[in-house]
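Undergrad: Below, each chain spelled out in residue letters.
Number of protein chains: 2
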Amino acid sequence: MRAAVTTLTSMSNSRTDVLRAARDILREHSLADLSMRRLAAELGVSPNALYWHFPNKQTLLAALADDILGAVAIPPADLPWDERLNLLATGMRAALLDVPDSAEVVSSSWASGLSTKAIAADIAAAAHTGGLSLRDAEAVSTAICQLVIGLTIEEQTRAQMERLGVIGPSGRDFGGEFADGLEIILDGARTRRRS
Amino acid sequence: MRAAVTTLTSMSNSRTDVLRAARDILREHSLADLSMRRLAAELGVSPNALYWHFPNKQTLLAALADDILGAVAIPPADLPWDERLNLLATGMRAALLDVPDSAEVVSSSWASGLSTKAIAADIAAAAHTGGLSLRDAEAVSTAICQLVIGLTIEEQTRAQMERLGVIGPSGRDFGGEFADGLEIILDGARTRRRS
DNA sequence: ACCTGAACACCGTTCAAGT
DNA sequence: ACCTGAACACCGTTCAAGT
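Sequence lines, in order, name chains C and A. Following the numbering used here, the numbering of the first sequence begins with 367 at its first residue and continues without gaps. Following the numbering used here, the numbering of the second sequence begins with 367 at its first residue and continues without gaps.
Hints listed in this document are in silico derivations from the structure and should not be mistaken for laboratory results. None of the values given here were measured: they were computed from a predicted structure. Where is the CB? At the ideal position from N, CA and C, for every residue including glycine. Among the clues, some could well be false.
What the hints assert, rightly or not - Short derived list, chain C residues pointing at chain A, Cβ under 7 angstroms:
| id | residue |
| --- | --- |
| 1 | L480 |
| 2 | T482 |
| 3 | T508 |
| 4 | Q512 |
| 5 | V532 |
| 6 | G534 |
| 7 | P535 |
| 8 | G537 |
| 9 | G541 |
| 10 | E543 |
| 11 | G547 |
| 12 | I550 |
| 13 | I551 |
| 14 | D553 |
Unchecked claim - Below 25 angstroms or equal to it, Euclidean Cα-Cα: the simulated SDA-like pairs (lysine to any residue) are:
| id | chain 1 | residue 1 | chain 2 | residue 2 |
| --- | --- | --- | --- | --- |
| 15 | C | K423 | A | K423 |
| 16 | C | K483 | A | R386 |
| 17 | A | K423 | C | R529 |
| 18 | C | K483 | C | E449 |
| 19 | A | K483 | A | V532 |
| 20 | A | K483 | A | R386 |
| 21 | A | K423 | C | K483 |
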């Protein structure tokens, strides 16, 4: 009977429904369109209803950010440590590219301190088990995460502007820029390996 | 006579006046307070007057971002190349820390494509003259700039929240995190040197 | 547990017009 | 060259109240 209840379309919304609707707005529109008012409209409720689920917009966006980055798989532990770092970084970028404007959302969520930053901890852990000191591992994680987030913000903003026809193609190869920047950092990381 | 005219206090505003006022709002308040309406009020004009100087807010912020990063000095060419990179990165971070919330402004300005990104070119040039290929030099520049911008966004956002008393000290050592991350990247850069 | 009505104090931007 | 008046179409958030 519980199943029957949850299949009704006009049920009340849960936290998960709100986050799914928020992601849909990013997918079909943009961050500029992700307002509390519009999100509420999409869910068929009034704007203030959202404040039952989240204390404010910032907290909602942080939950969304963690949600999106939760899709990144932890690479098998039997792979070489630097390959695990590569997979984590590439997976992080792919998860962000999967949802338009999500890099911007992640950036402000990490800044606000409302995000768990789980992926940063995962990357640091991979570097540490690879033989780096905890401190070096965290430095590598920081450099990787900021590279991924920063470059993806640029890429997604350009993509959004091109989609709106407000500007032409940039001619930049973001995939190449990412791969090159990452390799520099991984070279630096290998330099610190002690085992 | 020209001097006499420009010393009058109730003169019309120039582009430079607008940018100075914008920076003052960041200094004395925050990015959240930097609205076109409030900026206009600070200058004693009506909001729409600003649109004579700048086509939109985005363009105004990009000019402000380039302005703020224009304060970074180019290190003497006779210094070792990796020391020049260190000085540029440290100078970039210092210029951002000098104006609250400016890292966020720089991030969106770089993303919008309305910024010159002059500092990124300077850093790439320093790496290239240090013996890196153009491609490696640009990768190093990208990694450094994203580290500086990303970490400073986190630092300035925390600072703003602490200033508003909305949250306590984070206990993070941003200066240390920056130095550690930068050293990883510089180690990676030294790996690519060919001369 | 989840939502509404009504309101407060804001936004960026445009247009025609003024000096 | 620089600015105003008036308007359009929005924001996030709060409060008391409803079922």
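Undergrad: Could you check if L480(C) really has its C-beta closer than 7 angstroms to a C-beta on chain A?
TA: It is violated, given that the least Cβ distance between L480(C) and chain A is near 10 angstroms, above 7 angstroms.
Undergrad: CA of K423(C) to CA of K423(A), is that 25 angstroms or under?
TA: holds (23 angstroms)
Undergrad: Between K423(A) and K483(C), is the straight-line Cα distance small enough, at 25 angstroms or below?
TA: Violated: K423(A) and K483(C) sit about 31 angstroms apart, past 25 angstroms.
Undergrad: Closer than 7 angstroms between Cβ atoms is the bar; does G537(C) clear it against chain A? Give me holds or violated.
TA: Where the cut-off is 7 angstroms and the nearest Cβ of chain A is about 11 angstroms from G537(C), the hint is violated.
Undergrad: Should the interface hint for V532(C) be scored as holding, given a Cβ-Cβ cut-off of 7 angstroms against chain A?
TA: violated (10 angstroms)
Undergrad: Can P535(C) be said to touch chain A, with a Cβ gap under 7 angstroms?
TA: violated (11 angstroms)
Undergrad: Measure nothing beyond the straight line between the CA atoms of K483(A) and R386(A); if it is 25 angstroms or shorter, mark the hint as holding.
TA: Given pair K483(A), R386(A) holds - Cα atoms ~20 angstroms apart, limit 25 angstroms.
Undergrad: Given the proposed pairing of K483(C) with R386(A), does the C-alpha separation stay at or below 25 angstroms?
TA: violated (36 angstroms)
Undergrad: Hint check: is the beta carbon of G541(C) less than 7 angstroms from a beta carbon of chain A?
TA: Violated, about 13 angstroms.
Undergrad: Is K483(C) close enough to E449(C), meaning Cα to Cα at most 25 angstroms?
TA: Judged against 25 angstroms, a Cα distance of about 21 angstroms means the pair holds.
Undergrad: Within 25 angstroms, alpha carbon to alpha carbon, are K423(A) and R529(C)?
TA: Within the cut-off at roughly 20 angstroms; holds.
Undergrad: Hint G547(C) vs chain A: min CB-CB distance below 7 angstroms?
TA: Check passed: Cβ of G547(C) comes within 4 angstroms of chain A, closer than 7 angstroms.
The earlier numbered hints that this structure contradicts are 1, 2, 5, 6, 7, 8, 9, 16, 19, 21.
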